[in-house]
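*Asks:* One letter stands for each residue in the lines below.
2 protein chains.
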Amino acid sequence: MGALRLPSSPLSLLLSPSTPILRSSPTLRLLRPSLSGGGGGGAPGRGGVSARSLTKDAAAAAAAAAAAAEGADRKPSSSSGYEGSVTPRSVDFNAWYLDVIASAELADYGPVRGTMVIRPYGYAIWEAIQDFLNVKFKETGHSNMYFPQFIPYSFIEKEASHVEGFSPELALVTIGGGKELEEKLVVRPTSETIVNHMFTQWIHSYRDLPLMVNQWANVTRWEMRTKPFVRTLEFLWQEGHTAHATLEEAEEEALQMIDIYTNFAYEQAAIPVIPGRKSRVETFAGANRTYTIEAMMGDRKALQAGTSHNLGQNFSRAFGTQFTDENGQRQYVWQTSWAISTRFVGGIIMAHGDDAGLMLPPRIAPIQVVIVPIWKTADEKAGVLDAVASIQQVLKTAGIKVKVDDSEQRTPGWKFNFWEMKGIPLRIEVGPRDVTNRSVVVSRRDIPGKPGKDFGVSMEPSSLVDHVKRRLEDIQSSLLQRATSFRDSNIVDVSSYGELKEAIAEGKWARGPWSASDAEELKVKEETGATIRCFPFDQPEGHKKCFMSGNSADEVAIFAKSY
Amino acid sequence: MGALRLPSSPLSLLLSPSTPILRSSPTLRLLRPSLSGGGGGGAPGRGGVSARSLTKDAAAAAAAAAAAAEGADRKPSSSSGYEGSVTPRSVDFNAWYLDVIASAELADYGPVRGTMVIRPYGYAIWEAIQDFLNVKFKETGHSNMYFPQFIPYSFIEKEASHVEGFSPELALVTIGGGKELEEKLVVRPTSETIVNHMFTQWIHSYRDLPLMVNQWANVTRWEMRTKPFVRTLEFLWQEGHTAHATLEEAEEEALQMIDIYTNFAYEQAAIPVIPGRKSRVETFAGANRTYTIEAMMGDRKALQAGTSHNLGQNFSRAFGTQFTDENGQRQYVWQTSWAISTRFVGGIIMAHGDDAGLMLPPRIAPIQVVIVPIWKTADEKAGVLDAVASIQQVLKTAGIKVKVDDSEQRTPGWKFNFWEMKGIPLRIEVGPRDVTNRSVVVSRRDIPGKPGKDFGVSMEPSSLVDHVKRRLEDIQSSLLQRATSFRDSNIVDVSSYGELKEAIAEGKWARGPWSASDAEELKVKEETGATIRCFPFDQPEGHKKCFMSGNSADEVAIFAKSY
Numbered sequence: 054m055g056a057l058r059l060p061s062s063p064l065s066l067l068l069s070p071s072t073p074i075l076r077s078s079p080t081l082r083l084l085r086p087s088l089s090g091g092g093g094g095g096a097p098g099r100g101g102v103s104a105r106s107l108t109k110d111a112a113a114a115a116a117a118a119a120a121a122a123e124g125a126d127r128k129p130s131s132s133s134g135y136e137g138s139v140t141p142r143s144v145d146f147n148a149w150y151l152d153v154i155a156s157a158e159l160a161d162y163g164p165v166r167g168t169m170v171i172r173p174y175g176y177a178i179w180e181a182i183q184d185f186l187n188v189k190f191k192e193t194g195h196s197n198m199y200f201p202q203f204i205p206y207s208f209i210e211k212e213a214s215h216v217e218g219f220s221p222e223l224a225l226v227t228i229g230g231g232k233e234l235e236e237k238l239v240v241r242p243t244s245e246t247i248v249n250h251m252f253t254q255w256i257h258s259y260r261d262l263p264l265m266v267n268q269w270a271n272v273t274r275w276e277m278r279t280k281p282f283v284r285t286l287e288f289l290w291q292e293g294h295t296a297h298a299t300l301e302e303a304e305e306e307a308l309q310m311i312d313i314y315t316n317f318a319y320e321q322a323a324i325p326v327i328p329g330r331k332s333r334v335e336t337f338a339g340a341n342r343t344y345t346i347e348a349m350m351g352d353r354k355a356l357q358a359g360t361s362h363n364l365g366q367n368f369s370r371a372f373g374t375q376f377t378d379e380n381g382q383r384q385y386v387w388q389t390s391w392a393i394s395t396r397f398v399g400g401i402i403m404a405h406g407d408d409a410g411l412m413l414p415p416r417i418a419p420i421q422v423v424i425v426p427i428w429k430t431a432d433e434k435a436g437v438l439d440a441v442a443s444i445q446q447v448l449k450t451a452g453i454k455v456k457v458d459d460s461e462q463r464t465p466g467w468k469f470n471f472w473e474m475k476g477i478p479l480r481i482e483v484g485p486r487d488v489t490n491r492s493v494v495v496s497r498r499d500i501p502g503k504p505g506k507d508f509g510v511s512m513e514p515s516s517l518v519d520h521v522k523r524r525l526e527d528i529q530s531s532l533l534q535r536a537t538s539f540r541d542s543n544i545v546d547v548s549s550y551g552e553l554k555e556a557i558a559e560g561k562w563a564r565g566p567w568s569a570s571d572a573e574e575l576k577v578k579e580e581t582g583a584t585i586r587c588f589p590f591d592q593p594e595g596h597k598k599c600f601m602s603g604n605s606a607d608e609v610a611i612f613a614k615s616y
Numbered sequence: 054m055g056a057l058r059l060p061s062s063p064l065s066l067l068l069s070p071s072t073p074i075l076r077s078s079p080t081l082r083l084l085r086p087s088l089s090g091g092g093g094g095g096a097p098g099r100g101g102v103s104a105r106s107l108t109k110d111a112a113a114a115a116a117a118a119a120a121a122a123e124g125a126d127r128k129p130s131s132s133s134g135y136e137g138s139v140t141p142r143s144v145d146f147n148a149w150y151l152d153v154i155a156s157a158e159l160a161d162y163g164p165v166r167g168t169m170v171i172r173p174y175g176y177a178i179w180e181a182i183q184d185f186l187n188v189k190f191k192e193t194g195h196s197n198m199y200f201p202q203f204i205p206y207s208f209i210e211k212e213a214s215h216v217e218g219f220s221p222e223l224a225l226v227t228i229g230g231g232k233e234l235e236e237k238l239v240v241r242p243t244s245e246t247i248v249n250h251m252f253t254q255w256i257h258s259y260r261d262l263p264l265m266v267n268q269w270a271n272v273t274r275w276e277m278r279t280k281p282f283v284r285t286l287e288f289l290w291q292e293g294h295t296a297h298a299t300l301e302e303a304e305e306e307a308l309q310m311i312d313i314y315t316n317f318a319y320e321q322a323a324i325p326v327i328p329g330r331k332s333r334v335e336t337f338a339g340a341n342r343t344y345t346i347e348a349m350m351g352d353r354k355a356l357q358a359g360t361s362h363n364l365g366q367n368f369s370r371a372f373g374t375q376f377t378d379e380n381g382q383r384q385y386v387w388q389t390s391w392a393i394s395t396r397f398v399g400g401i402i403m404a405h406g407d408d409a410g411l412m413l414p415p416r417i418a419p420i421q422v423v424i425v426p427i428w429k430t431a432d433e434k435a436g437v438l439d440a441v442a443s444i445q446q447v448l449k450t451a452g453i454k455v456k457v458d459d460s461e462q463r464t465p466g467w468k469f470n471f472w473e474m475k476g477i478p479l480r481i482e483v484g485p486r487d488v489t490n491r492s493v494v495v496s497r498r499d500i501p502g503k504p505g506k507d508f509g510v511s512m513e514p515s516s517l518v519d520h521v522k523r524r525l526e527d528i529q530s531s532l533l534q535r536a537t538s539f540r541d542s543n544i545v546d547v548s549s550y551g552e553l554k555e556a557i558a559e560g561k562w563a564r565g566p567w568s569a570s571d572a573e574e575l576k577v578k579e580e581t582g583a584t585i586r587c588f589p590f591d592q593p594e595g596h597k598k599c600f601m602s603g604n605s606a607d608e609v610a611i612f613a614k615s616y
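Chain order of the listed sequences is A and E.
With the numbering used here applied, the first sequence covers 54 to 616.
With the numbering used here applied, the second sequence covers 54 to 616.
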């Protein structure tokens, strides 16, 4: 997969941002090859397409949903193996990332520069994120709704810092129905302005508050340096928007939502994010305060994985969003907004993946267990497939997302590698001897070779289900533990700018007391490439002195290079 | 609510399509008033805003999801009642429709002409549609994924009839990141072109087929005459796209999907749609065949509520989407696409609503049962609220979507009207005497007054659950039955053009043998305003003679005026 390289490589800068890149152009293909491989055959790791046979005797709804989430009854069109099909992580993290996305069939480039097609397997991960968060949002009193994506240009200009932050990256519709429009329309980069326009019409009195809504939507930001999932021209997200009668309530809401994101990251995605407050420099354009969760990727760069903003009265003043309080006084509402996007899928890939490919935490894996039958003779085949079918049924009934790979075009070894590439947490191998012994081999994705295998696991339903569930939990916590150790061994406490420089040069995160100016923060960025990721909520006790200015400091900040 | 009128009224044509309509403009307000009412108080039926209190002690997930779907712990800011708050259906069906959308808080106008904000209660209906169909799509082997919404303009031009059909209604992005783009980008009006661009890269051999995907997405069509839900500049839909090795398989798929839509309409939405094939004139731009479900609205106009297209090889030839068959020959794939949109929400409103407002079929109602406690003294209150809480718990546990309206700002009478406006299928009234008698009153939304009430229904949990479930099923089938009778009494069999003209003039649908030319079909449209809605699948036996040309005819067609 050496041909696959980043669109943000220097060469890509030669391309005009307005040129849709068609793969039919041989010149452009040299500059920016397809994630899905070229037209020719034999490229390792390329293989088939995400398709499932139309099952006439449709399975039960629940089972079918899991089955569809697989995205692929893979029918490979290439005979090459999966061994060594991605660039090793240690050699080139970027190339590894793109190779995994291509080989695990997570996404592909769209025809327009910087856009991304989310393929079924990648989308199933996004659906797992949606399913979890959607319930949490509703539990905490938010309703889903939908705002139009076209925003009058004048709206964007109403909040001063908002227009400054977003105007360089807007996509504008200027022609509609064959006619030049009188006012350009912005394709939503975020919805605070149109939300406020509507809130102003819906909110009259304190009885209308709090108003708490969310939408799942696409957004567009004209980014120059793109990277699948991490930064694309168009991406999918949820954006929550709330209005409150008091500053305190808004602050509580902003914190509640960053807590929900933090819990999701830890408990579902097994990513030990560091929640905290952004510096003034890094605060959202239009917010008083931005809270963030910062995740350490496998290359030790930081990924901002979710944000929650206390917007204060910035938008309500710009849009006149007022309510009559209990004393009959007109007041501006206090607001929040918060979002998590498809970028999080990139975070999962980069936090857990290894040289064998993707590694998915069981709680968000579209397939938790893959069963690979092994046979040589026709006689063996019948017995093995019988056993496999009954194991599959047993696990399905227990609510485990299971997939059987009984295709005859591939060897078991090829299948092992392929499903490892897809990051399936557990593999169950069933051969003729296993059938005789009424036992199976269970292999963990996160521990390679013999140490990750349980031999002679009984096929007896309740004991097998027990074993599989326990192992899935083991993997879930092991991934979190591993990521936590990795994170902690790569954060250095610094007490001088020199120490910070050293830590950053080693690729690590630096944590140190900070109370210096915005200018000094920007100087650190210029000189080291690192920015303040956050002032973490978790702060050390005791008196602190800013490592830059020498003044007393209330908090430590975390500095790192980031995506 | 007499101030609420259609944006598609003649006056709206005076507005430039490019003018975002701000409610702050008094002139424009005269032309196209806000669905949510003006800024002043006291307009009947306007009231509060869709908001829910942030519950600190968050309820359990399942309960919370139902609660959030309500969209509103209504805190009305107007003291006027709900009586007579919508224009009577018989007086002005259009005005009635817009009034119901405003009063039931389903949607509001967006700031850009022709766009719509889908409010929480309206969105919850859409979520019910999504939840049902999404399972069916996965059961039948389709995977969700996501294609970018920006499509190079050149793509649209590749399929001749497609560009002819869609080019008049495109929204074009011409500026990105502050720069004029070299190639204009189309904001997706539908995705066949970009889907084929990607399919061409993913499909190599017959083993890659069938390829069956779906996406839930927004789409944009620059419509000149808009109407909330029915026809808006931007709307939400699902679009399925499949590729097959044979024409037969594609045809089978196209038919399977129109069957799924038909079953959804009948069984969930209680709308007795007529499934059939579109005429050549009405076929989708780029399809060989379009199948449709046609629904009769309360004003007897037809609504095309879902379509499924057999695309043949039109797009695969335009985009070179080929596969190598089992004999090593290169072949073009055979394709389908199919869609249902937020327009269906409009169909539900117009199929079932009455002068009291919305009327929702229980299976898609975000709230199935509203409980209204009635008390006068503080003593009574405690007993009544206790009983109500336990009834609520009993129904919730039984999987019934239930809402308690115990607000103190409104009278029971006001609440009755309000929840009738929202179309809740069942209301349970609990007063002090009911508490004493351990019984309640259960009122059906679909049968006004005494005949729709069950008095003395026991509070005993299992008997109450039984009663409620049975009544919900009664309402579900009664709505379907009523709509079916209405439909059948408004379809006239015609055997001459004169008879057709008469039927259409009476506002009815005309069904008659048809084998005349496209030109004659267009003449009927010009002269009567009616179009061929479909050649229904359900065809009468026997020899038929075209009522227009007098030639022999294979099929009857249904003609009607439509949305």
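Hints are not guaranteed to be accurate.
[To be verified] In silico contact screen, one side only, chain A against chain E (beta carbon under 7 Å); selected entries: (1) Pro164; (2) Arg172; (3) Pro201.
Hints were generated in silico from the structure; no laboratory data involved.
As the structure is a prediction and not an experimental result, all values here were calculated from the model.
Think of the CB as a built atom: it goes at the ideal place given N, C-alpha and C, for glycine as much as any other residue.
*Asks:* Does each hint hold? Answer for all of them.
*Replies:* Okay, the hints, checked on the actual structure:
1. Pro164: Constraint on Pro164 (chain A) satisfied, holds at 5 Å.
2. Arg172: Where the cut-off is 7 Å and the nearest Cβ of chain E is about 6 Å from Arg172 (chain A), the hint holds.
3. Pro201: Holds. Min distance 4 Å.
Checked against the numbered hints given earlier, the structure satisfies every one of them.
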